Amino acid sequence: MLALRDLRLEWRGRAGLLSAFSFIAVVLFIMGIAFGPDEANLRRAGPGVLWVALAFAGSMLASRAWALEVENETLDDLLLTPGSREWIYVGKLLFLWLLMIVMGAFLLVLVAAWFYLPLSSWPQLFITLVLGGTGYTVISAFYAGLTVRLRARDVLLYLLVFPMILPVVLAAVKATLGIAFGAEFSEILSWWKLLGVFDVIYLTLCTMLFPGVIEG
Amino acid sequence: MKEALVDVQGVWKRFGRQWVLRDLSLGVEPGEVVALLGPNGVGKTTLLRVIATLIRPQRGTVRLFGKPARALEVERGWIGLVANPPAFYRHLSGEENLEQALALAGRPIGRGRVLEAMERVGLPPGRAVAAYSSGMKKRLALARTLLAGPRLLLLDEPETALDSGGRKELTRVIGEVAREGAVVLATHDRGFAAEVASRSFAMGAEG
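Chains as they are written, first to last, in this note's numbering: chain A, -11 to 204; chain B, 66 to 272.
Don't read these hints as lab results, they were simulated from the structure. As the structure is a computational prediction, the values presented were derived from the model and not from experiment. Glycine residues also receive a C-beta, built at the ideal position from the N, C-alpha and C atoms. Any given hint might turn out to be false.
[Unchecked claim] Here are some, though not all, of the chain B residues that point toward chain A, as calculated from beta-carbon distances under 7 Å:
no.	residue
1	Gly125
2	Glu138
3	Arg141
4	Gly142
5	Ile144
6	Ala152
7	Tyr154
8	Arg155
9	His156
10	Gln165
11	Leu167
12	Leu169
13	Ile174
14	Arg264
15	Met268
[Said to hold, decoys possible] Distance ranges between label pairs, derived from CB positions:
no.	chain 1	residue 1	chain 2	residue 2	range
16	B	Gln123	A	Phe17	33 to 41 Å
17	A	Glu61	B	Asp228	44 to 52 Å
18	B	Asp88	A	Glu61	29 to 37 Å
19	B	Gly269	A	Asp64	20 to 28 Å
20	B	Ser199	A	Pro155	47 to 55 Å
21	B	Arg244	A	Phe94	38 to 46 Å
22	A	Phe9	B	Arg87	50 to 58 Å
23	A	Phe173	B	Arg121	33 to 41 Å
[What the hints assert, rightly or not] A few chain B positions that, by computed beta-carbon distances, are all more than 10 Å from chain A:
no.	residue
24	Glu68
25	Glu140
26	Arg185
27	Leu188
28	Ser198
29	Ser199
30	Thr236
31	Arg237
32	Glu241
33	Phe266
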């Protein structure tokens, strides 16, 4: 319910989505020029570019998920919602996850076109996107909630999130590289397993800790 | 003896190094309307937010509806809070705000009842909250209170920005909630407090 409401609000405002999509387009354009025009260079850089762009745009969206409450000063009303406060985190996480997956799919197509990522392996790329995107949103939704009341929240969010998501970004880049260069399936699977374990551990921890950190 | 709806015992709350609440105790029983009186900065809003379980005191205990405040889950939906100014999603219309607030609280209601409540507080439908005046937001908050039917209503300077019609409606809503529940309101207006409250609670230098 909360995720649907946030999607509706975001659709009405569109500010967060527009800035994230514009940011992605600019990053790809600059990276494309920096690594181009050699095809081999672009192919090697593609997975890294994909996940770096997704990580930065994801932080913008994570900040946006809570900014909706800050801009409207409705955080208190949200906290007075009956039921356990873990569900507020889960609602925000779901909202962010949906945006990340849509944005990631859009980004996959752009990177495939510009950086020669093989779209013929789209099911494997999509699984990597889902596993990596989940790990990223779990962490970023939590820290965005933790910093929502602070004035320097946007700066702090990047400082807190990026060290925590290094394992996710590394594993996701490795898996994407493996897919791009036709590695053994077992190798790709090992990175997926790492991402899956990370997702489960951090989802459990963040959900449990959230009620304590969101109170003033 | 009735069980207190609100039981605040020996609460201390500070922001940074500044103590805002010092060893404060307050009990509110069903049927009571308690007015918190005191000068600016004395902690009236902080006390309301402590009671609403939005902030945790450093020391002391808060019990609501007979349970420790931190253990509330379903009961949190029995609390109505009208902040000053009341908060709504600006991109949504008044009726959309009311619908989504109640749906999120697990009590979805039809558009008909929402429009009825808006008509009662004198608000036209179909306008985004971004175009509302302060007084209209206060009226919308009253409509939300009417629809949610809280057992404990917490009001922060509810009378400000309301015209005489709005104040009459506010007085009626306070009376309705206090019939079965209780109301705690923070105000500077001693006249308004005398009009609606069954008891005043002086904070700080207020005598």
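Outcome of the hint check:
1. Gly125: violated, 15 Å
2. Glu138: Since the shortest Cβ distance to chain A is 5 Å, the answer is holds.
3. Arg141: holds, 5 Å
4. Gly142: holds, 3 Å
5. Ile144: Hint holds; Ile144(B) Cβ to chain A Cβ min 6 Å, cut 7 Å.
6. Ala152: holds, 4 Å
7. Tyr154: Result: holds, 5 Å to nearest chain A Cβ.
8. Arg155: Since the shortest Cβ distance to chain A is 6 Å, the answer is holds.
9. His156: Status holds, d = 4 Å.
10. Gln165: Holds, about 5 Å.
11. Leu167: Because about 11 Å separates Leu167(B) from the closest Cβ in chain A, which is outside the 7 Å limit, the hint is violated.
12. Leu169: holds, 5 Å
13. Ile174: violated, 14 Å
14. Arg264: Violated, because the Cβ-Cβ distance from Arg264(B) to chain A comes to roughly 24 Å (cut-off 7 Å).
15. Met268: violated, 20 Å
16. Gln123(B) / Phe17(A): 33 to 41 Å: violated, 52 Å
17. Glu61(A) / Asp228(B): 44 to 52 Å: violated, 23 Å
18. Asp88(B) / Glu61(A): 29 to 37 Å: Between Asp88(B) and Glu61(A), where Cβ atoms are some 30 Å apart, the hint holds.
19. Gly269(B) / Asp64(A): 20 to 28 Å: Distance hint for Gly269(B), Asp64(A) holds at roughly 23 Å.
20. Ser199(B) / Pro155(A): 47 to 55 Å: holds, 49 Å
21. Arg244(B) / Phe94(A): 38 to 46 Å: violated, 55 Å
22. Phe9(A) / Arg87(B): 50 to 58 Å: holds, 51 Å
23. Phe173(A) / Arg121(B): 33 to 41 Å: The hint (33 to 41 Å, Cβ to Cβ) is violated, given that Phe173(A) and Arg121(B) are roughly 50 Å apart.
24. Glu68: Glu68(B) clear of chain A: closest Cβ-Cβ about 20 Å, beyond 10 Å.
25. Glu140: At about 7 Å from chain A, Glu140(B) fails to clear the 10 Å cut-off, so the statement is violated.
26. Arg185: Nearest chain A Cβ is 21 Å from Arg185(B), so the label holds.
27. Leu188: About 18 Å separates Leu188(B) from the closest Cβ of chain A, which puts it past 10 Å; holds.
28. Ser198: Label holds. Min Cβ-Cβ 16 Å, cutoff 10 Å.
29. Ser199: Holds, since 13 Å exceeds 10 Å.
30. Thr236: Fine: 23 Å to the nearest Cβ keeps Thr236(B) off the interface.
31. Arg237: Holds: least Cβ distance 23 Å, greater than 10 Å.
32. Glu241: holds, 20 Å
33. Phe266: holds, 22 Å
Violation of the numbered hints given earlier is confined to hints 1, 11, 13, 14, 15, 16, 17, 21, 23, 25; the remaining hints are satisfied by the structure.
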